[in-house]
Amino acid sequence: MIPIVYPLSLAVVMFCVGIVGFLLRKNAIVIFMCLELMFNAANLAFITFANHFQLIDGQVIVIFIMTVAAAEVAVGLALMVAIFRTKHTVDIDQLNSLKG
Amino acid sequence: MTVNLLVFLFLGVVAIAAAAGLILSRNTIYSALFLIINFLAVAAIYLVMGASFIALAQITIYAGAIMVLFLFVIMMLGTEKPKEVEQIKWQRPLAIVLAAAVLIEGVYALITRVALKVTTTAGTAALSDPKTLGLSLYNKYSLPFEITSVILLVAAIGAVVLTQKTRKGSGQ
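Taken in sequence, the protein lines are chains Y and P. Take 1 as the starting number for the first sequence in the numbering used here and just add one per residue. Take 1001 as the starting number for the second sequence in the numbering used here and just add one per residue.
It should be emphasised that the hints constitute simulated quantities derived from the structure, not laboratory data. It is possible that part of the hints are untrue.
[Said to hold, decoys possible] For lysine to any residue, the following SDA-like pairs were computed, each having C-alpha atoms within a straight-line distance of at most 20 Å:
1) P:1165 / Y:89
2) P:1117 / P:1004
3) Y:26 / Y:97
4) P:1089 / P:1100
5) P:1131 / Y:54
6) Y:26 / Y:98
7) Y:87 / P:1162
8) P:1117 / P:1009
9) P:1117 / Y:3
10) P:1131 / Y:61
11) P:1089 / Y:95
12) P:1117 / P:1002
13) P:1165 / P:1155
14) Y:26 / P:1090
15) Y:26 / P:1078
16) P:1140 / Y:53
17) P:1089 / Y:24
18) P:1117 / P:1006
19) Y:26 / Y:96
20) Y:26 / Y:87
21) P:1165 / Y:86
22) P:1165 / Y:76
23) Y:87 / P:1163
24) P:1165 / Y:75
25) Y:26 / P:1088
26) P:1140 / P:1126
27) P:1165 / P:1154
28) Y:87 / Y:28
29) P:1131 / P:1141
30) Y:26 / P:1025
31) Y:26 / Y:93
32) Y:26 / Y:76
33) Y:87 / P:1075
34) P:1089 / Y:23
35) P:1140 / P:1129
One chain only, chain P, in its complex shape (with noise of 0.2 Å):
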C-alpha cells in the first residue's frame, strides 16, 4: 500500500459519496454543493496521476466557473422541490435496471479487456509538463481547438438569444 493508494482509494470514497448525495438531495442547492465536492475529489486524483494543468483547469472551468453558473440558475429559478411523485409506475426499477445493464458492462469490459496487474506509471515530466499539452494542442490538434472556438461562440449567441425577453409587438 503505497501513500498514492491510499490517497486515491479515499478521494475513490469521497467522489462516490458526493455522487451518491447529488442524486439522492433533495434540495438542489445541496446537490450543486455535492457535485462541487465531487469534481474537486476527481481533480485531485488527476493530480495523483499527474495531469496538473488538467487537474487545475478542473477547479477553475468546473467546480469554478460552471458551478457558479448552476448555481445562479438554482437561485434565479427557486429552489423548488418537484413532487417526486412517479407519474410513470415502472420509471424506477427500470432506470435502476438499465444503469446496472451498463454496470454489469464496464465490469465486464474491465475484467476481460484490462490486466489487473497494470499500474499507473508515476507522473513523467513529458506528461505533467502543461508546455507538453500546450504543443499538442496547438500543432497537433490545431484544427479542433479553432472549431471549439466556434463552438463557444456560437454558444454565448445561443443562451443571449434564448434569454432574451421577447418585445411587445414583434410577433415572437
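Next comes chain Y alone, as it looks inside the complex (with noise of 0.2 Å):
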C-alpha cells in the first residue's frame, strides 16, 4: 500500500502553491480558487489520516470543509460581482479606495 508520507507531502506541496498563488496573484477569482485549493490540499490530509487511524471522523470533517467551503464560495463570488458592479474590477491592486 502507499506510505501514508506520499499523500501528506502531497497535501503540503498543494498547500504551498496555493499560498504562491494566493499571494502572487492579482485577480480575485485566482484568489479565490487558490483558496479552494487550499481547503483540497487540507482534505487530502484528513482523508489521509481518517484511512491511517481507520476512523470514520476524518470523512465526516472533510464533509463539513466541503459544506463551509461552498457556503464561502457563494458569499465571496456575489462579493465579487457587486465589487465589480461599482469598481469595474476585480484586480485587486485597484481596489484600494479604503488606502490612507
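Both chains come to you apart, so use the hints to assemble them.
Now the structure itself:
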C-alpha cells in the first residue's frame, strides 16, 4: 500500500502552491481558486489520517469543510460581482479606496 | 511497487501539475479548468484510499457545483487580464520566502512526526461504506450538521442580498 508520507507530502506541496498563488496573483477570482486549492490540500490530509487511524471522523470533517467552502464561495463570488459593479475591476491592486 | 502506489504517484503528479497550471496560467478560464483537473485527481486519490463517498461528493460538489459557479462568474465579469505590474516591489520574493517557510515547516513536521514505514491500509468495508459515514454524521455529529444548515441558509441569503441591484431612491 501507499506510505502515508506520500499523500501528506502531496497535501503540503498543494497547500504551498496555493499560498504562492494567493500571494502573487492579482485577479481576485484566481485568489479565490487558490483558497479552494488549500481547502483541497487540507481535505487530502484529513482523508489520509482517516485511513491511517481507521476512523470515519476524518471523512465527516471533510464533508463539513466542503459545506463551508461551498457557502464561502457563494458569498465570495457575490461580493466579487458587487465589487465589479461599482469598481468595474476585480484586480485587487485597483481596490485601494481605503488606502490612507 | 504495487499498482495502488503507481496509480497514486501518477495522480499526485497530475494534481501538482494542475495546481502549478492554476497559478501560472494568464487566462482565468484556464485557471478554473486546471483547478477542475486538480479536483478530479484528488477525488481519484480518495478512491485509492477507500473514501468512495467523499470522492464522489468531491466530484459533484467541487468539480460540479462550485467550479460551475466560478466559470459562471468569470464569464459574467469577462476574462479581463489585470496588468501583472508589481505595485509593491518586494511582494514576489516575500511571497516565495513565506511559501518556502511553510513548505519547510510541513516537511519538518512530516520527517519528525510521521514514520516513513507506515502505510495506508486497504479500504475496509466499514470505512468506505457510506452507511458508516451517515450514522456518524447523524448521531455523533448531529449538532454540527444542523449548524452547517444554518451556514448554508445564511450564505444563500447573503449571496442574494449582495448581488441585489439597489433600487432608485432607497438611499442605498
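Against the structure, the hints:
no., hint, verdict
1, P:1165 / Y:89, "18 Å, holds"
2, P:1117 / P:1004, "16 Å, holds"
3, Y:26 / Y:97, "16 Å, holds"
4, P:1089 / P:1100, "19 Å, holds"
5, P:1131 / Y:54, "15 Å, holds"
6, Y:26 / Y:98, "17 Å, holds"
7, Y:87 / P:1162, "15 Å, holds"
8, P:1117 / P:1009, "17 Å, holds"
9, P:1117 / Y:3, "6 Å, holds"
10, P:1131 / Y:61, "16 Å, holds"
11, P:1089 / Y:95, "18 Å, holds"
12, P:1117 / P:1002, "15 Å, holds"
13, P:1165 / P:1155, "18 Å, holds"
14, Y:26 / P:1090, "15 Å, holds"
15, Y:26 / P:1078, "15 Å, holds"
16, P:1140 / Y:53, "18 Å, holds"
17, P:1089 / Y:24, "12 Å, holds"
18, P:1117 / P:1006, "17 Å, holds"
19, Y:26 / Y:96, "13 Å, holds"
20, Y:26 / Y:87, "15 Å, holds"
21, P:1165 / Y:86, "11 Å, holds"
22, P:1165 / Y:76, "17 Å, holds"
23, Y:87 / P:1163, "14 Å, holds"
24, P:1165 / Y:75, "16 Å, holds"
25, Y:26 / P:1088, "12 Å, holds"
26, P:1140 / P:1126, "16 Å, holds"
27, P:1165 / P:1154, "19 Å, holds"
28, Y:87 / Y:28, "13 Å, holds"
29, P:1131 / P:1141, "14 Å, holds"
30, Y:26 / P:1025, "12 Å, holds"
31, Y:26 / Y:93, "7 Å, holds"
32, Y:26 / Y:76, "16 Å, holds"
33, Y:87 / P:1075, "17 Å, holds"
34, P:1089 / Y:23, "13 Å, holds"
35, P:1140 / P:1129, "17 Å, holds"
When each numbered hint is compared with the structure, no violation occurs for any of them.
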